[in-house]
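A.B. asks: With the hints as a guide, bring both chains together as one complex.
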Amino acid sequence: MSKILGLALNTFRETIRDRILYAILVFALLMIASTLFLGSLTIGQDLKILLDVGLAAIEVFGVAIAIFVGTSLLHKELDKRTVFVVLTKPVSRWKFLVGKFLGLSATLGILLALMGSAFLALVFWKTGSLHALLVGALGMIGMQLGVLVAVSLFFSTFTSPVLSMILTFCLYLIGHNSENLHVLAQKAGPATRMMADVLYYALPNLSTFDVKNAVVYGATIAPGQWLWAIAYGGLYTAALLAAAGGIFERREF
Amino acid sequence: MATKPNDPSFRHATPDAASGASTQSLPTPSVAIENLIKVFPAQLGQPRKVGLDGVSLTVYPGETFGLLGPNGAGKTTLQKIVLGLMRATSGSVQVLGAKPDQTDVRERVGYLPENPYFYTYLTGREFLHFCGGLFKIPKPLLEKRVKELLERLSMTHAADTQLRKYSKGMLQRIGVAQALVNDPELVFLDEPMSGLDPVGRKQLRDLILSLKAEGKTLFFNTHILSDVELICDRIGILCNGKLVSYGSVQELTREESLEDLFVRVVEPSQK
Numbered sequence: 001m002s003k004i005l006g007l008a009l010n011t012f013r014e015t016i017r018d019r020i021l022y023a024i025l026v027f028a029l030l031m032i033a034s035t036l037f038l039g040s041l042t043i044g045q046d047l048k049i050l051l052d053v054g055l056a057a058i059e060v061f062g063v064a065i066a067i068f069v070g071t072s073l074l075h076k077e078l079d080k081r082t083v084f085v086v087l088t089k090p091v092s093r094w095k096f097l098v099g100k101f102l103g104l105s106a107t108l109g110i111l112l113a114l115m116g117s118a119f120l121a122l123v124f125w126k127t128g129s130l131h132a133l134l135v136g137a138l139g140m141i142g143m144q145l146g147v148l149v150a151v152s153l154f155f156s157t158f159t160s161p162v163l164s165m166i167l168t169f170c171l172y173l174i175g176h177n178s179e180n181l182h183v184l185a186q187k188a189g190p191a192t193r194m195m196a197d198v199l200y201y202a203l204p205n206l207s208t209f210d211v212k213n214a215v216v217y218g219a220t221i222a223p224g225q226w227l228w229a230i231a232y233g234g235l236y237t238a239a240l241l242a243a244a245g246g247i248f249e250r251r252e253f
Numbered sequence: 001m002a003t004k005p006n007d008p009s010f011r012h013a014t015p016d017a018a019s020g021a022s023t024q025s026l027p028t029p030s031v032a033i034e035n036l037i038k039v040f041p042a043q044l045g046q047p048r049k050v051g052l053d054g055v056s057l058t059v060y061p062g063e064t065f066g067l068l069g070p071n072g073a074g075k076t077t078l079q080k081i082v083l084g085l086m087r088a089t090s091g092s093v094q095v096l097g098a099k100p101d102q103t104d105v106r107e108r109v110g111y112l113p114e115n116p117y118f119y120t121y122l123t124g125r126e127f128l129h130f131c132g133g134l135f136k137i138p139k140p141l142l143e144k145r146v147k148e149l150l151e152r153l154s155m156t157h158a159a160d161t162q163l164r165k166y167s168k169g170m171l172q173r174i175g176v177a178q179a180l181v182n183d184p185e186l187v188f189l190d191e192p193m194s195g196l197d198p199v200g201r202k203q204l205r206d207l208i209l210s211l212k213a214e215g216k217t218l219f220f221n222t223h224i225l226s227d228v229e230l231i232c233d234r235i236g237i238l239c240n241g242k243l244v245s246y247g248s249v250q251e252l253t254r255e256e257s258l259e260d261l262f263v264r265v266v267e268p269s270q271k
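Residue numbers (the numbering used here), protein chains in the order written: chain A, 1 to 253; chain B, 1 to 271.
Only chain B is shown next, with the shape it has when bound in the complex (with noise of 0.2 Å):
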């Protein structure tokens, strides 16, 4: 049975949680949400719109988390306040123990933006050093870093190259080496695998893997469910902004399939 987002155990179960460990030894959050509002104004013909209903959601450091949702649901709005992007209209959000406006956690921040358009005009390699100046690395670093993440996504015989002549998947490909240029502790994706084929998916899916073994936090935002049963620990279902699920993977897809879960708890609010 699906955790319910107001059963209170729900807000504070991590992968220990469901094995019974104590919640005593909880380590601080990668990312801590708390009842967490969005009120979109009213515009010229469009009336005030509700993104996010009451969001409150817990990754820890090491985790996985896929936040799930049909489109529209308020996935990239929650990513967008929690990056520092939009600001939330009530409620807390905590990144690495720190405000999202405060500059300095975004050191160990990196973020993948959905269907990423980068500076055409600029190389790959260039866009790299570009993205990686932004932070405090040291040049010598920096050269050796550009260079590895080059070649652990395949992208060293391009590296040279406009980036307005590079493919979809070799655009996304580069977007993961600027999201991991400042080898971050906690990595923000949104939809990383949309609109590649399934060779990029593939690529794509087993760098996630690697990077979740190399220990990282993984919060990334998909629709693409046989994907999140393979890489996450926990999930989080959005619709209509309100979390209307939210536990391990194991714990949710005990007793049905995630795809029934999901129908199950999206399609209502749909109707």
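So that you can see chain A by itself, here it is in the shape it has in the complex (with noise of 0.2 Å):
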């Protein structure tokens, strides 16, 4: 376990470190801070716009980190022959692969509470409270960083860092949208509902960690959807890095 800490510190002050992302951040929080500026054109829907666009540029931003972070580790790594040095201590590939997975996940989690912050903050100063559904819708941002950095991960284990940066946004896209396969099986003839049901199941379903609407439109949200998500994520995220170390176990440098 110790392995797999210093490895996930190590990835976590690479990232950390990178100037890139300090960019990126400061873009996001002016994101959030213009939310009020755009609040203020609407008529009685101010909050609606800051809750709405708010957690969308938290989202937005979060995925782009995590998808251009995410994709770019291991290339690092293979093309500065960093990977030598590592590999050839006693340290097993799939512990490598999760110490990367954590070491950003770190970054992500610090970001993500970074941007949330100043986002409950703009929320508690127009609202003078706090409901804790924004917390929760926080969360589930997270656990959707989570999985798409596995998603990176497994990509870059087998591909070029562009090529890997192009599915897992694919992936990212179907996956808010991968109810729309459901349907589609529901609707076709056996052999394409076939397919199509194996492509719901196996590609990620990330509208299971959206809970933007409900916060908006205030709606309630059962605990047992909470913990289904956070149960989805994290077999997803495992079942993902079990196959990334799989792939990569079988590498040659």
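These are computed hints drawn from the structure, not numbers from a lab.
The C-beta atom is built at its ideal place from N, Cα and C for all residues, glycine as well.
Incorrect hints may have been included.
One side only, chain B facing chain A, incomplete, derived with CB under 8 Å [unchecked claim]:
1) 85
2) 117
3) 130
C.D. replies: Here it is as structure tokens:
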């Protein structure tokens, strides 16, 4: 375990010392702050705009970092040959991958906390109160980012960084629309239905983590839905990391 | 006369063997390679390539073994297979009595890659702590060892400087330090002298000699022949993936200089 933590700490140091990250963070904070201005352009909808655009901005910037940094993590190790130094030590390859995953997740966790704090501060300033659902929504964005980091690492084990980036982004888009595959499966013939069903269950269903609408319109979310989202995110991430580990194990350097 | 790889006696040539000592008392080899073949499959626009072609060699505890050869001879490929970074197509490899993919055996092995690139955002001290943390070393001992290594390699003054600000020679020295952080009994060095100025080479050569004096087993790849004569007990010369010469330095250079031997065995296959 200490080896995984050492590798995670190293990845955390690597990513947290990347200056591009701070540029993205500044943009994200400006975007969150701009929701106040956008809200003032509407009549009576300013809180909804703040909640909707604020959460969307946090998600978009988080996803951008998860995909850009996630897909370059392994490639950098291979390109700069730093992987030789680590993998010739008593470290199994799956531990190396899990360390990378945890390190980047920690960085994303801190960025999410910073963006989330700014967002919550604005909501509190505007309404004088804070609903626990907001913190839950931020947590769900965090779960989604974790899944995307695992997807990025999975593709990085066998494709180039550019292709990994494209594939991860495609999976992000599909993941938010995978319910449509389920609907399609019900209406199609047996062969198409089977294929659509396989894709539906194999691809990440990121809409599981999407509670923005409930937050904006004040709907309630059953405890079971939270638990399902956490269990689904955890299991899907673990399965992806296991698959990535299997591929990475066979890789030659 | 150079020992030929197809001469059965050469495969078990040890420092003792040259002086006529009995081979019954041979210790367990630190590295034992038998008929190693590595074929790189054909890729888009490139035919399949034989990287290693039936290489057999043995390195015994306490020995300093030099693997020589021109660029592209297969030296790095061989070290990568021995260290588990690559898989052999066929043949057997044992490192300290274990297979290269057994991670536990690496607790006792050190490795300096060729032209090392390290995590440039780390300081020298952070890097050594990171590397040491990958071994089962108690924290106080690691702390002590990092301090000693920084002193031994004259790097204390730069310990808290980020690696991105290091010169080539400093990177090489910190690379050697990370290879020794676990106090290994077997150390692999891939072209340790490349890119170093004469002073850097002298310092590194002295360090290798002191490791040798401590009884460590050293296996290094190089094409700098003068260093080999000073440092190595035995050598092997690889050319186009084949071991074309193998034996003790003393034995191989009895009738000709190492340079003449190298040119004689390598030149025909390069024509």
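A.B. asks: Identify every previously stated hint that the structure contradicts and give their numbers, smallest first.
C.D. replies: Hint check: nothing fails, all pass.
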